[in-house]
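The listed protein sequences derive, respectively, from chains D and L.
Counting in my numbering, the first sequence runs from 4 upward without gaps.
Counting in my numbering, the second sequence runs from 4 upward without gaps.
Hints should not be assumed to be uniformly reliable.
One copy or two, it doesn't matter: identical chains are merged, so the pair holds either way.
Straight-line alpha carbon distances no greater than 30 Å define the calculated BS3-like cross-link-like pairs of lysine-lysine that follow [what the hints assert, rightly or not]: (1) K154 to K209; (2) K209 to K198; (3) K295 to K228; (4) K6 to K295; (5) K295 to K146.
I should point out that these hints are in silico values taken from the structure, not numbers from a laboratory.
Number of protein chains: 2
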Amino acid sequence: MAKIVQCVPNFSEGRRPEIVEQIVQAIDGASDVRIVDYSLDEDHNRSVVTFLGAPEDIRASAFAGAAAAVDLIDLNTHKGGHPRIGAVDVIPVVPIREMTMPDAVALSYEIGKDIADNLCLPVYFYEKSAVMVHRADLAAVRKGGYEGMKKRGLSGDSEPDLGPSELHPTAGAVVVGARGPLIAFNVNLNTDDVKIARDIAVKIRKSRDAGEAMAGVKALGVYLKSRGIAQVSTNITQPHQTTIYDVYTFVEREARAAGVGVLESELIGGMLEDHLIEAVNAAMNVRGLSEKRILDRWM
Amino acid sequence: MAKIVQCVPNFSEGRRPEIVEQIVQAIDGASDVRIVDYSLDEDHNRSVVTFLGAPEDIRASAFAGAAAAVDLIDLNTHKGGHPRIGAVDVIPVVPIREMTMPDAVALSYEIGKDIADNLCLPVYFYEKSAVMVHRADLAAVRKGGYEGMKKRGLSGDSEPDLGPSELHPTAGAVVVGARGPLIAFNVNLNTDDVKIARDIAVKIRKSRDAGEAMAGVKALGVYLKSRGIAQVSTNITQPHQTTIYDVYTFVEREARAAGVGVLESELIGGMLEDHLIEAVNAAMNVRGLSEKRILDRWM
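Next comes chain D alone, as it looks inside the complex:
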């Protein structure tokens, strides 16, 4: 079995498909990685690319994607509600097979160094790669966004881990780090009332913090202007403990209590077979259902 890493960089462009496609082509062309998915989020003017490959391929392709984003995206003209500090905003590196977390951390340091040395971007390491404890949390690193960091400068607390001590004039800075697999899973409501989505997100966080349910689930209520609907947007960071079915039924129940309904749910990027099977088992408790019972796995 070969080593496999997943990389899911987020780019600050979600409205011009031709730009995102050029970035995807750069990633695809730089090595033998496999592009699982890429999606544009028009509302937040961001995009996420999901790819898999051997560590050395991930290193080459993550760099190529970052380089393309630095070339093609100017943060000074970028608008979008989502917090971001860079053209290539964050580069998560996820160990999938035959890789330990320390292996993934080491790989993230190589990617960060390539970027700092060759693209003149300040680099911050987050999550498992955090060198400074308070940078484990992505929100803390991105605080104030590009505009805030530009105003206050990169000295003191904002001194980057690698690279120049000032923002790149058009591409800002980048956050790089290793983390475990998460599922980006959203539930869309049949209402334009974003307050309902926000209230449900609060309930998810409260349930999580009280240790009742929703372990490891990060949730936000957002308004999707492009579709005129409210969304509960989640990251499931402990997918073995909380499945997409658990999140779906939680949101559905709370939506019903608020007098609205669920339109559909949505997966961003990819997920592991194991986590899909765990969702089915949460819904139906199926004896005998395991990865080895999925015929496709044997072909």
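Since the structure of chain D is provided, determine the placement of chain L on it from the hints.
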């Protein structure tokens, strides 16, 4: 992409693991097939082995499994409620990849001929391989079971398609044929009242026949003596139209209406990834969830 066939022979032994294991070893040792699963059903004194492989490997292993069953199982001392006519009772052949149904039918004829020529077993072809129209239906072929056929003889309507015109003295006869993929899916109730399971099975069949829901679902209510519970046992023969989630929720709703609950569900053998994803979509309507989003498919 290579041709892949699934074979799921049913054997008339479900209580002596050592016998079933010898049969599985014969199947495994005869070619390069992959054994996905085998399970013993103590209540019905039957077992099902699921394996995948190239057509020529399936041919060799299906024959080896049948030969082992003829050696090891004596139907004259076999007891079990399930209808059966042979030690190796039925051999379904399922085209999975790069195989048409006619390819699978041709393979089933080769398997049937090997068995008739070398094991002295009468062979009946069913489903897509049926040579006589009325034999498409397995229940029609097995009518009366081993004991009934022994009594009335194999002349006239019971004349086999291949092989001798009399039952093998210990191994009976065998039914062979090609069919589409089906999911063997059971729902166990928290009651010992088999009538409730039978009533639910009737409702499934009525709903199916009325074209309301449960398209392609065959259902029976059975009592599992070994566990003291009632079970709704189904075969989902149109898994693109009716998912395991649809069957589960139908049974759950009817069980609740009858004042009982669902203990768990159960998958026998394997299922295709596509059908798993369709079940998740039936439950949660997930935008973007498709086979290509399952990361394991890329490794």
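* Within, between, both or neither: K295, K228 at alpha-carbon 30 Å -> This pair counts as between: shortest inter-copy Cα distance 28 Å, intra-copy 42 Å.
* Identical-chain pair category, K6 with K295, by Cα at 30 Å -> both (21 Å within a copy, 20 Å between copies)
* With 30 Å as the alpha-carbon cut-off, assign the pair K209 and K198 to within, between, both or neither. => Answer is within; shortest intra-copy Cα gap is 16 Å, inter-copy 45 Å.
* To do: Up to 30 Å between alpha-carbons, please classify K295 paired with K146: within, between, both or neither.
  => Neither. Shortest intra-copy (44 Å) and inter-copy (35 Å) distances fail the 30 Å Cα cut-off.
* Asked: How do K154 and K209 come out at 30 Å by Cα distance, when the copy is not named: within, between, both, or neither?
  -> The answer is neither: 34 Å in one copy and 70 Å across copies each exceed 30 Å.
Checked against the numbered hints given earlier, the structure breaks hints 1, 5 and satisfies all the rest.
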